[in-house]
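Just so you know, the sequences run in chain order A and B. Quick note on our numbering: the first sequence kicks off at 1 and runs consecutively. Quick note on our numbering: the second sequence kicks off at 1 and runs consecutively.
Keep in mind the hints are simulated off the structure, nothing from the lab. A hint or two may mislead.
Stated by the list, open to error - To spell it out: a stretch of chain B is covered by chain A in this simulated footprint if at least three of its residues, at any positions, have a beta carbon under 8 Å from a beta carbon of chain A; those stretches are: (1) 36 to 49; (2) 55 to 66; (3) 137 to 149; (4) 170 to 180; (5) 201 to 209; (6) 357 to 371.
Claimed, not checked - Looking from chain B toward chain A, a few residues come up when the C-beta cut is under 10 Å (computed): (7) Thr52; (8) Gly132; (9) Ser133; (10) Leu134; (11) Val198; (12) Met352; (13) Pro354.
All C-beta atoms in this analysis are idealised placements derived from N, C-alpha and C, irrespective of residue type, glycine included.
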Amino acid sequence: MSDASHDHGSRNERPEPSVDRRSLLISTGLTAMAAVSASVAGAAPGFVERLLRERFTELSPQRKAEILDQLELEYSQRYGREVSVENTPPMDGVEFAYGLDIARCVGCRRCVYACVHENNQSRDPQIHWIRVLRMEKEHGIELAESTAYYEPAKVPEPDAFYLPVACQQCRHPACVKVCPVKATWKDADGIVVIDYDWCIGCRCCMSACPYGARHFNWSEPAIPSEEINPKTHYLGNRPRPKGVVEKCTFCLHRTREGRYPACVEICPVGARKFGNLLDESSEMRYLLREKRVFVLKEELNTQPRFYYFYAT
Amino acid sequence: MLKDIVSFVVGSARLAFRGGRLYYAWLTVLGLLVVWGGSAWWRQVTEGLIATNMRDQVSWAYYIGNFTFMVGVAAAAVLLVIPAYIYNWKPIKEIAIFGELLAISAIIMCMLFVLVDVGRPDRVWHMMPFVGSLNLPSSILGWDVLVLNLYLLLNLVIVVHLLYTAYHKRPYNSRFVVPLLLFSIPAAVGIHTVTAFVYAGVAARPYWNSAILAPRFLASAFCSGPAIMLILFQILRRTTKIEIKDEAIWKIAELMAYAMFLNLFLFGAEIFREYYSDTHHLIHTQYLFSGVHGHRALVPFAWASLACSVVAFLLFLFPATRRNLVTLNLGCLLIYTGVYIEKGIALVIPGMTPDTLGEFYEYVPTLTEVRIGAAIGSIGFIIFTVLCKIAIPILQESEEPADPERVQAEAA
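The following block holds chain A by itself, in its conformation from the complex (with noise of 0.2 Å):
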């Protein structure tokens, strides 16, 4: 029930009644506590706006678009160069899926450092949203058994094969049930997406997600000006505040303008698909119809929307 609601509520640009009483129960109770302690603390200006503000799904387009701008202009003069922040909802009859051909990957990790740079993660701390395990090929996939720790002069490795997880973008995604503020949810392209500035940081998300693919930011993450991607979605790539959570999108600020993930495009040997699954003639169809696939951790019922498959 909460999901559907939540499918079709992100894109209800009409303000629900809930709303009006919401506004004015945080206006008249909170703003004048907030306001003195600001001025106590002599905060920045602004602040007392952003304690206050609403769930960015639930806000008017005009309030949205405000955001947006408030936003870029906060980006840009922190990175001294010029960055978007775009909304930009899901397509019309996309449904996205992935898959990986295991055979093929190399477990080279290019597929990591163009994410972290695509989406402006955390470099120090270091966040990756895409992990490479490293599996002996003695035992098959198991993950107790396999490191993502592996340095070796060469890949791939004669007794090794690589299996690279992140967001599995499932149809019954566990986090989005545990979140007690309904700050992540699912898009109507399949997509589960994260509002940074309602996420309160509870991690019950990353408990409740079976393939690690959550991450915290457990201090103020840092980018290099020069390193940052200024072309960023505010559900996705936008540079993220401390002390909440972030995840792979499949690059939703990329792929629902019709490119491809980072990730696929880097993959040297070219072991990563992506497409649409409502389209019969994409490259995920082909995959699910010539190829045989398997999911990660089937028996948990989280019917990923991330396939693997042995192409050879």
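Add chain B to chain A, keeping to what the hints say.
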């Protein structure tokens, strides 16, 4: 009416400030601990949760463990309310209010532990019903917020009503307060069940994903809460004029023996399932009890907890040792230690070690976390001390002349 309320508030405040040297020394020590831990918290707020040793692999730890333990302590009230108001057993009825005072202190500590654990304490209002966007019915943490607040409110109303009427030397309104007391029993069961469900509902963590987690929570809570209670009773008996009968203490100790038996039995059932079926899921239990790949940080704690619980069970099982104040107090300390480790360390951390992709990150708390924990513990003690300081004289003064009246009221 208004005059009565004002005089109650002023009178209570006066009682809170009227204390001997020992009282003020105690509060000063606690206050210093709050300052010591508070400064650590301020550092954590400015730097972020990087000040803790939690990381993506072990993303809940010391704070959430303490939260879980304190939810258990808040149950203490129920073990007093049941004999007092269901079985109408007078020796416990006289002291049941201390269980509620402890529950109030414990719930406030729970909320503080959650507050220091979240990454954005400035946004906790997002969890407020109507004002924020509480994700009901699907989020168990959302339900936990509701039941914890309800339980706090319930105990506050009961305590304020009892003290307010006693202050004005009137009998309490049993038609108002007894239903609330009875309702506090399922409410206490509720806070445990819902807190257990926060863990048990997580399919990604097989160590938590167990149907007997909620019963285990209840069983261990009915040991740890009363263990603190019994020690506090003896302190109160010495430092104040309040009378607490030995039979009340023995009865509570007997109930604790049953609870401890259940706790150990359920633990044994879980251990059997894990080791006999010997699946991949066993690795979390192995990490706890024997260590895996040289990661052994929790092993001494796990065995210490088990030893404490078994010895305490034996001490409470035999009437001779549970009626001897020395062995009784030893048993209480052992139970407290055993359950604190079980809920604070051995539940949360092994559930996340190894993480969902098989990685071992060995967590031990930082000094920052321990300091913040000490500050929250001290806040809890300050609240409990001051509440007792107010409650005891009010109850005693009303007891002496008004006793026949009160008996009449209860009969009616």
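Results for each hint:
| no. | hint | verdict |
| --- | --- | --- |
| 1 | 36 to 49 | holds (count 3) |
| 2 | 55 to 66 | holds (count 5) |
| 3 | 137 to 149 | holds (count 6) |
| 4 | 170 to 180 | violated (count 0) |
| 5 | 201 to 209 | holds (count 5) |
| 6 | 357 to 371 | holds (count 3) |
| 7 | Thr52 | 8 Å, holds |
| 8 | Gly132 | 6 Å, holds |
| 9 | Ser133 | 5 Å, holds |
| 10 | Leu134 | 7 Å, holds |
| 11 | Val198 | 8 Å, holds |
| 12 | Met352 | 7 Å, holds |
| 13 | Pro354 | 7 Å, holds |
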